[in-house]
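2 protein chains.
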Amino acid sequence: MKQISTRFSIAVHTLSLIAVSSDDCTGDFIADSVNTNPVIIRRIMGMLKKAGLLEVRPGVGGASLLKSPEKITLLDIYRAVNVTEENKLFRIHDDPNVRCPVGRNIELVLQSELKEAQSAMEQRLAQTNLSQLTTRFK
Amino acid sequence: MKQISTRFSIAVHTLSLIAVSSDDCTGDFIADSVNTNPVIIRRIMGMLKKAGLLEVRPGVGGASLLKSPEKITLLDIYRAVNVTEENKLFRIHDDPNVRCPVGRNIELVLQSELKEAQSAMEQRLAQTNLSQLTTRFK
DNA sequence: ATAGATATAACTATAATGGTTACAACGGTG
DNA sequence: CACCGTTGTAACCATTATAGTTATATCTAT
Numbered sequence: 001m002k003q004i005s006t007r008f009s010i011a012v013h014t015l016s017l018i019a020v021s022s023d024d025c026t027g028d029f030i031a032d033s034v035n036t037n038p039v040i041i042r043r044i045m046g047m048l049k050k051a052g053l054l055e056v057r058p059g060v061g062g063a064s065l066l067k068s069p070e071k072i073t074l075l076d077i078y079r080a081v082n083v084t085e086e087n088k089l090f091r092i093h094d095d096p097n098v099r100c101p102v103g104r105n106i107e108l109v110l111q112s113e114l115k116e117a118q119s120a121m122e123q124r125l126a127q128t129n130l131s132q133l134t135t136r137f138k
Numbered sequence: 001m002k003q004i005s006t007r008f009s010i011a012v013h014t015l016s017l018i019a020v021s022s023d024d025c026t027g028d029f030i031a032d033s034v035n036t037n038p039v040i041i042r043r044i045m046g047m048l049k050k051a052g053l054l055e056v057r058p059g060v061g062g063a064s065l066l067k068s069p070e071k072i073t074l075l076d077i078y079r080a081v082n083v084t085e086e087n088k089l090f091r092i093h094d095d096p097n098v099r100c101p102v103g104r105n106i107e108l109v110l111q112s113e114l115k116e117a118q119s120a121m122e123q124r125l126a127q128t129n130l131s132q133l134t135t136r137f138k
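Residue numbers (the numbering used here), protein chains in the order written: chain A, 1 to 138; chain B, 1 to 138.
These are computed hints drawn from the structure, not numbers from a lab.
Glycine included, every Cβ here is placed at the ideal spot set by N, Cα and C.
Hints are supplied without guarantee of correctness; some may be wrong.
Not the full set, but computed from the structure, chain A residues with beta-carbon under 8 angstroms of chain B [unchecked claim]:
hint: 1; residue: Leu17
hint: 2; residue: Pro96
hint: 3; residue: Gln118
Straight-line alpha carbon distances no greater than 30 angstroms define the calculated BS3-like cross-link-like pairs of lysine-lysine that follow [said to hold, decoys possible]:
hint: 4; chain 1: A; residue 1: Lys2; chain 2: A; residue 2: Lys115
hint: 5; chain 1: A; residue 1: Lys2; chain 2: B; residue 2: Lys88
hint: 6; chain 1: B; residue 1: Lys138; chain 2: A; residue 2: Lys88
hint: 7; chain 1: B; residue 1: Lys138; chain 2: A; residue 2: Lys71
hint: 8; chain 1: A; residue 1: Lys50; chain 2: A; residue 2: Lys115
hint: 9; chain 1: B; residue 1: Lys115; chain 2: A; residue 2: Lys71
hint: 10; chain 1: A; residue 1: Lys2; chain 2: B; residue 2: Lys50
hint: 11; chain 1: B; residue 1: Lys2; chain 2: A; residue 2: Lys115
hint: 12; chain 1: B; residue 1: Lys50; chain 2: B; residue 2: Lys88
hint: 13; chain 1: A; residue 1: Lys115; chain 2: B; residue 2: Lys50
hint: 14; chain 1: B; residue 1: Lys67; chain 2: B; residue 2: Lys88
hint: 15; chain 1: A; residue 1: Lys115; chain 2: B; residue 2: Lys71
hint: 16; chain 1: A; residue 1: Lys88; chain 2: A; residue 2: Lys67
When you get a sec, could you build the whole thing from the sequences and use the hints?
Right, dumping it as structure tokens:
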């Protein structure tokens with residue numbers, strides 16, 4: 001089965017580090033904690049930057065949050081690294097046969113149901129913020 | 001981004017057809033409505049069969065439900081085609097650095113949060129059953 | 001025996017992912 | 001000003017799941 005990309009968990013890891021150790025969080029330092037290649041971290045930090053979650057100090061190194069940890073939810077992070085698009089977690093087979101009553105309607109019917117399911121998941125993510133996580137890193 | 005496989009939507013389509021047109025639902029007939037190759041349908045029907053949702057008539061052709069449509073939920077179907085495993089919708093990067101407080105705890109902390117999110121989605125799927133869908137195929 | 005089904009193995013093309021190397025640009029510090 | 005450790009990206013590769021295809025074996029009513 002196909003899982004949601006580790007970009008998301010790595011992004012959470014990265015933001016947690018920045019929230020905790022604030023400074024001295026260079027890409028290499030984070031990559032060492034995550035245990036991956038620094039380029040992976042820089043790519044993800046680029047997305048988080050674009051989403052307005054953090055600010056990076058080019059040349060000098062390190063990054064800092066642009067919002068307080070209480071204001072950054074898992075949903076914000078999830079959206080930032082675009083592991084899924086709005087209403088597109090589930091893929092629906094395309095071009096079903098329109099001459100069949102089921103084929104003609106399946107797409108719309110399923111779309112609304114699956115959108116609800118995706119939304120339920122995302123709303124659960126929205127309930128957790130970064131500061132709730134960082135208190136658990138002792 | 002990576003989406004949940006169309007196996008799921010095709011399985012729903014397939015079961016809907018069987019629920020509606022009961023007989024004369026051969027693999028080729030279903031494949032024509034779904035607009036894909038019959039082998040894809042047979043593979044999915046094999047999974048639905050293994051999950052105890054339907055019964056196939058080999059040789060003669062066609063299939064029938066083993067439970068009433070009210071008793072088959074989207075979650076049942078979702079599980080049957082194993083698009084995701086229990087608690088594994090989100091992939092978490094592995095082997096984070098244990099010498100770092102964040103790296104040491106991230107896995108457990110995230111696992112419990114993400115399990116909740118996945119569960120919220122699945123519980124929403126469990127609320128819809130096949131008969132609710134088939135009434136919308138007119 | 002045959003015709004029309006299902007069952008399944010083997011193979012292919014495609015696409016996302018995760019990782020790597022390479023290099024340009026930035027910005028303090030000596 | 002030159003250097004060094006950064007960040008920012010582009011380009012490339014290996015791996016994997018998916019979706020589809022072809023081919024073949026098996027089943028069952030007629």
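* Take the C-alpha atoms of B/Lys2 and A/Lys115, compute the straight-line distance between them, and say whether it is at most 30 angstroms. => Judged against 30 angstroms, a Cα distance of about 16 angstroms means the pair holds.
* Sort out whether B/Lys50 lies within 30 angstroms of A/Lys2, counting only the CA atoms. => holds (21 angstroms)
* Is B/Lys115 within 30 angstroms of A/Lys71, Cα to Cα? -> holds (22 angstroms)
* Asked: Do the alpha carbons of A/Lys115 and B/Lys71 lie within 30 angstroms of each other, as the hint requires?
  -> Since the Cα atoms of A/Lys115 and B/Lys71 sit roughly 22 angstroms apart, the hinted pair holds (cutoff 30 angstroms).
* **Agreement of A/Lys115 and B/Lys50 with the hint, judged by alpha carbon distance not exceeding 30 angstroms** => Cα-Cα ~28 angstroms, so holds.
* Given A/Gln118 as an interface hint, is the shortest Cβ-Cβ distance to chain B below 8 angstroms? -> A/Gln118 check passes; min Cβ-Cβ to chain B is 7 angstroms, inside 8 angstroms.
* Identify whether the interface hint at A/Leu17 stands, where standing means a beta carbon of chain B within less than 8 angstroms of its own. => holds (5 angstroms)
* Quickly compare the C-alpha distance for B/Lys138 and A/Lys71 to 30 angstroms and report which way the hint goes. => Violated: B/Lys138 and A/Lys71 sit about 46 angstroms apart, past 30 angstroms.
* Please work out if B/Lys138 and A/Lys88 have their alpha carbons no farther apart than 30 angstroms. => holds (25 angstroms)
* Holds or violated: A/Lys2 with B/Lys88, Cα cutoff 30 angstroms? -> Distance ~9 angstroms between A/Lys2 and B/Lys88 Cα, so the pair holds.
* Quickly compare the C-alpha distance for A/Lys50 and A/Lys115 to 30 angstroms and report which way the hint goes. => holds (26 angstroms)
* Hint check: is the beta carbon of A/Pro96 less than 8 angstroms from a beta carbon of chain B? -> holds (5 angstroms)
In terms of the numbered hints stated before, the structure departs from hint 7 and from no other.
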